[in-house]
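Asks: Go ahead and model the full structure; you've got the sequences and the hints to work with.
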Amino acid sequence: MSDAKAAAGIRGSGLRIELRDLSKAFGPFRALDRVSLSVAPGELVALLGPSGSGKTTLLRILAGLERPDAGTILFDGRDAMARSARERRVGFVFQHYALFRHMTVRENVGFGLRVRPRGARPADSEIRARVDALLQLVQLEWLADRYPSQLSGGQRQRVALARALAVEPKVLLLDEPFGSLDARVRQELRRWLRRLHDEIHITSVFVTHDQEEALEVADRVVVMNDGRIEQIGTPEEVYDHPINPFVYNFLGNVNLFRGRIEGGKAYIGDVVVDLPDLALPESANALVYLRPHELDVERQPTAGARFHARVQQIHRAGPMVRVHLLTDWGDLMQVAMTQERFQALQLETGAEVFVSARGMKVFPDEPPASGASS
Amino acid sequence: MRDLPPPARRAPGAAPRRWLALRRTRAAHQPPAPKPPPAPRNASRGRGLLIAGACAYLILLLVVPLVVVFSEALRDGLRTYLAAITEPDARAAIRLTLLTAAIVVPLNVAFGLAAAWAIGKHEFPGKRLLITLIDLPLSVSPVVAGMIFLLLFGARSVLGPWLTAHHLHIVFAVPGIVLATLFVTLPLVARELIPLLEAQGREEEEAALTLGASGWQTFWRVTLPNARWGLLYGVILCNARAMGEFGAVSVVSGHVRGVTNTMPLHVEILYNEYHFSAAFAVASLLALLALVTLAAKHLLRRKVIRG
Numbered sequence: 001m002s003d004a005k006a007a008a009g010i011r012g013s014g015l016r017i018e019l020r021d022l023s024k025a026f027g028p029f030r031a032l033d034r035v036s037l038s039v040a041p042g043e044l045v046a047l048l049g050p051s052g053s054g055k056t057t058l059l060r061i062l063a064g065l066e067r068p069d070a071g072t073i074l075f076d077g078r079d080a081m082a083r084s085a086r087e088r089r090v091g092f093v094f095q096h097y098a099l100f101r102h103m104t105v106r107e108n109v110g111f112g113l114r115v116r117p118r119g120a121r122p123a124d125s126e127i128r129a130r131v132d133a134l135l136q137l138v139q140l141e142w143l144a145d146r147y148p149s150q151l152s153g154g155q156r157q158r159v160a161l162a163r164a165l166a167v168e169p170k171v172l173l174l175d176e177p178f179g180s181l182d183a184r185v186r187q188e189l190r191r192w193l194r195r196l197h198d199e200i201h202i203t204s205v206f207v208t209h210d211q212e213e214a215l216e217v218a219d220r221v222v223v224m225n226d227g228r229i230e231q232i233g234t235p236e237e238v239y240d241h242p243i244n245p246f247v248y249n250f251l252g253n254v255n256l257f258r259g260r261i262e263g264g265k266a267y268i269g270d271v272v273v274d275l276p277d278l279a280l281p282e283s284a285n286a287l288v289y290l291r292p293h294e295l296d297v298e299r300q301p302t303a304g305a306r307f308h309a310r311v312q313q314i315h316r317a318g319p320m321v322r323v324h325l326l327t328d329w330g331d332l333m334q335v336a337m338t339q340e341r342f343q344a345l346q347l348e349t350g351a352e353v354f355v356s357a358r359g360m361k362v363f364p365d366e367p368p369a370s371g372a373s374s
Numbered sequence: 375m376r377d378l379p380p381p382a383r384r385a386p387g388a389a390p391r392r393w394l395a396l397r398r399t400r401a402a403h404q405p406p407a408p409k410p411p412p413a414p415r416n417a418s419r420g421r422g423l424l425i426a427g428a429c430a431y432l433i434l435l436l437v438v439p440l441v442v443v444f445s446e447a448l449r450d451g452l453r454t455y456l457a458a459i460t461e462p463d464a465r466a467a468i469r470l471t472l473l474t475a476a477i478v479v480p481l482n483v484a485f486g487l488a489a490a491w492a493i494g495k496h497e498f499p500g501k502r503l504l505i506t507l508i509d510l511p512l513s514v515s516p517v518v519a520g521m522i523f524l525l526l527f528g529a530r531s532v533l534g535p536w537l538t539a540h541h542l543h544i545v546f547a548v549p550g551i552v553l554a555t556l557f558v559t560l561p562l563v564a565r566e567l568i569p570l571l572e573a574q575g576r577e578e579e580e581a582a583l584t585l586g587a588s589g590w591q592t593f594w595r596v597t598l599p600n601a602r603w604g605l606l607y608g609v610i611l612c613n614a615r616a617m618g619e620f621g622a623v624s625v626v627s628g629h630v631r632g633v634t635n636t637m638p639l640h641v642e643i644l645y646n647e648y649h650f651s652a653a654f655a656v657a658s659l660l661a662l663l664a665l666v667t668l669a670a671k672h673l674l675r676r677k678v679i680r681g
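Protein sequence lines, in the order shown, are assigned to chains Z and U.
The first sequence begins at 1 in my numbering and counts up one residue at a time.
The second sequence begins at 375 in my numbering and counts up one residue at a time.
The hints are simulated quantities; they were obtained by calculation from the structure and are not laboratory data.
You can trust all of the hints, since none of them are fake.
Under 7 Å between C-beta atoms, here's a sample of chain Z residues computed to sit facing chain U:
#1 L65
#2 F92
#3 A98
#4 H102
#5 G112
Ranges of calculated distance between the beta carbons of each label pair, as one might list FRET restraints:
#6 R101/Z with L537/U: 48 to 58 Å
#7 A144/Z with G575/U: 25 to 35 Å
#8 F498/U with R101/Z: 20 to 30 Å
#9 E497/U with D219/Z: 33 to 43 Å
#10 V514/U with A123/Z: 52 to 62 Å
#11 P50/Z with L665/U: 49 to 59 Å
#12 R258/Z with G575/U: 43 to 53 Å
#13 F498/U with P276/Z: 54 to 64 Å
#14 I505/U with G27/Z: 13 to 23 Å
#15 S38/Z with K677/U: 41 to 51 Å
#16 S180/Z with E497/U: 21 to 31 Å
#17 S23/Z with G575/U: 25 to 35 Å
#18 T234/Z with G575/U: 30 to 40 Å
#19 K677/U with P117/Z: 30 to 40 Å
All residues carry an ideal CB built from backbone N, CA and C; glycine is no exception.
Replies: Structure follows, in structure tokens:
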């Protein structure tokens, strides 16, 4: 692969991206609201958020396909907004690939080299060699003379990537790169993209609404909501230490209970929990989050078991057994456990269980007007 | 009546769909309707009757006239036929018709591409109004279209004296014929391309842009090749109409034999002077053009659909 990389003219270089106070509105809709972000050279960053959170708009502004209403973009400290999409040297991979349908795979990949002004255009033989090397890099040499309509989704995706890399971009932007592929191909391409990035180390930003994808592939994850950045951090940071209910909710499956915070303790139904977090207010409504796999189930009461519940439903298919419990105060609680643990417990519908929590996150439930996610 | 099956069991919608399929519309190219379950005998007899009726209608209105045109044209033998289409006035009419088409089609292609590119790929205020305006020539009677140019450039119009003073002949001359034909055929290329370009979206153009292509390169290498079959289809329609236009051209032509007579006008004159075989001979050329157009249209439509 590294031979192909060298022949394709891809050097392990990337530039630093600096975004300051970017805002963009489409009519009355605020797509971006004073967003600031910096991406280190060679970093792979995921913009993660629900649809309408502004992540694609941010990507298009980076590429120069959209103009921000306010704010600045710096590439290696220099103003990028003075340059058009054509001059930015940005590789963009579109969600639906946007391959040129009347050109073969080879012509698609070579397009960016062929449209260069005469002085900067490589000779035909060189273009051919570069295209061959790129196709080898994305493992599609054997499809060079096919048309896009004759390729599968995953193959089109890789052609789009090769086409974007052909112009030796300083930045690679990918819009929902795996969005329209089926689950298995997606898994495979995800790992492949990560490997490719580790080889060529080009500064890359990709947009996704799939938290699993962001956590698995990216060096850093930027969680976006309503045109703002909620949290920036490594996958571990945002997953283990979400700073607000939105991030917690968005990253992975959660149980949510509503309760009260009073004098350093949280009250959930008839359960009282001590809170170590001193930053919480003295008295407030509380949102309590528990991840299904951070709950332990016992048949007998133990010292740490806080919740008393009954088994309502059992889903055994898959690597983990998912058990739905009905708590004493009437809320549903989801628990995930290994098949072995499930066998050992011999659970059945209606069984009485005691649950302890290894991790718990309590947020004060602020009114929506304060700006926090409702 | 009582032994008729209840209406719900009669493969709902099957018969009307067959009707639609016979018409040369876009509907004919949509995916075929799922096969209706075998209908009861009464229904199939009714359907047979409907199909027979439709075929009779088509034969009476389309096939018979076509046959008549060619048989009348050849009634007095091939020699008369050839003489009729090679005599000087006929040759002048054919030349003028070809000249008109040669001027009108390229202009409409340029206009159609520009309009479709602007409308199909961009958002701007007044876009819907522009689309309606482009359609105007289709909803105006061709005679009215001819009258407009008569009123604009005729001897008694505001511009008339100035034009006469500068020896510019527009009405009752070739420029008038070209203008009237241009007006009538203006929407044909644009209307073919607008929905096509709209459906294709902007993504491929944006991709070309990020790959470093200029606006011109994007247009020539991406937009135009993607629209090529639709464009050719529009050109064929436009050409057929430009050669066959009668109403608007009739008003502005002045019917000067050998000078401002197009083929359709020449046919009318011959007919009015009781030269039936000659009239039908020239008419058969126009009919032939129609057949070629239809065949080309049929072949191209498939390519446009496939993209």
